[in-house]
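Enquirer: Everything in the sequence shown is counted per our numbering, starting at 8 for the first residue and increasing by one.
Don't read these hints as lab results, they were simulated from the structure. Possibly wrong hints are sitting among the right ones.
What follows is a list of derived Cβ distance ranges for each label pair [as the list claims (entries may be wrong)]:
hint, residue 1, residue 2, range
1, A193, A144, 40 to 50 Å
2, R123, G261, 26 to 36 Å
3, T136, D44, 12 to 22 Å
4, E204, A133, 34 to 44 Å
5, R155, T260, 19 to 29 Å
6, V126, E228, 48 to 58 Å
7, A104, V32, 51 to 61 Å
8, V32, G261, 12 to 22 Å
9, R207, T182, 39 to 49 Å
10, G24, P124, 26 to 36 Å
11, R123, V17, 12 to 22 Å
Each computed EDC-like pair below joins lysine to aspartate or glutamate, with the alpha-carbon atoms no more than 20 Å apart [as the list claims (entries may be wrong)]:
hint, residue 1, residue 2
12, K240, D72
13, K151, E120
14, K240, E75
15, K89, D110
Since the model is a prediction, treat every value here as computed from it, not as a measurement. Ideal placement from N, C-alpha and C gives every residue a C-beta, glycine not left out.
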Amino acid sequence: MNAARDSARVPVLSARGLVKRYGHVVALDGADFEIYDDEIVAVVGDNGAGKSTLIKALSGALIPDAGEVRAGGEIIHLRGPKDARRLGIETVYQDLAMAPALDISTNLFLGREIRRPGVWGNLFRALDTPRMRKEAAEHLSGLKIGIRSIRQSVETLSGGQRQGVAVARAVSWGTRCVIMDEPTAALGVKETGMVLELIRHVKARGVPVILISHNMPNVFEVADRISVMRLGKRVRIARPGEQTMQDVVAMMTGASRETVAELNTEGTTQNA
């Protein structure tokens with residue numbers, strides 16, 4: 008039913024037959040991907056499955072050797088991250104790529120600063136700090152991110168709050184799609200819950216999310232579809248509610264569901 012509905016729609020962002028080689032190493036081997044305008048799609052796979060390479064191709068961080076990327080059905084040629092950003096494709100990297108010593112509003116507008124109107128902005132390139140602070144506060148409020156003061160430096164924030172600021176920056180400019188690379192890595196239970204709720208808020212604002220994560224419970228909690236990668240290509244599309252975590256692990260490893268169940272049972276017995 009869902010597959011039939013998807014086939015009649017145009018993906019917001021898609022890839023077909025992507026190939027990327029590094030010498031004799033094949034990182035992508037005909038990889039496919041698509042995301043529609045009302046969903047969260049998780050990309051999962053073992054180390055070396057091609058997840059990072061796929062995301063770099065979608066975000067303009069690398070150029071594939073073969074295959075095509077489309078935005079809204081139109082073939083696009085991404086020569087760098089700036090090309091992706093111009094199309095409304097934003098990425099929240101695992102290291103967040105923020106300036107810790109600067110305040111929240113400055114980080115939200117980093118590289119896209121608003122100049123003061125008139126001669127002060129044009130000639131002296133003076134920043135319109137009040138406007139940036141006002142708009143930054145609105146962005147955070149819209150995503151229900153709780154911050155004590157917009158003037159706080161990022162280094163004073165918790166891990167979950169820093170992730171929130173990075174996501175708010177991406178959503179502020181990402182009109183087509185937001186890619187999140189391991190957004191809950193190294194976070195505690197409470198902060199992880201905050202980030203997962205934030206991902207739902209992003210989707211509710213009409214911005215689809217690509218989620219790369221090793222945390223299967225998190226994936227099953229928020230994802231509408233799961234793109235399972237193995238050996239450089241997508242091997243299956245799973246849907247929470249139709250497949251279990253055990254099923255997805257079997258798809259990732261190429262093992263049967265029964266083999267994964269046996270391994271889990273053995274591990275539990277040994278730990279006991």
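Enquirer: To test your reading of the hints: which numbers does this structure violate?
Expert: Violated hints (numbers, rising): 1, 2, 3, 5, 7, 9, 10, 11, 13 and 15; every other hint is consistent with the structure.
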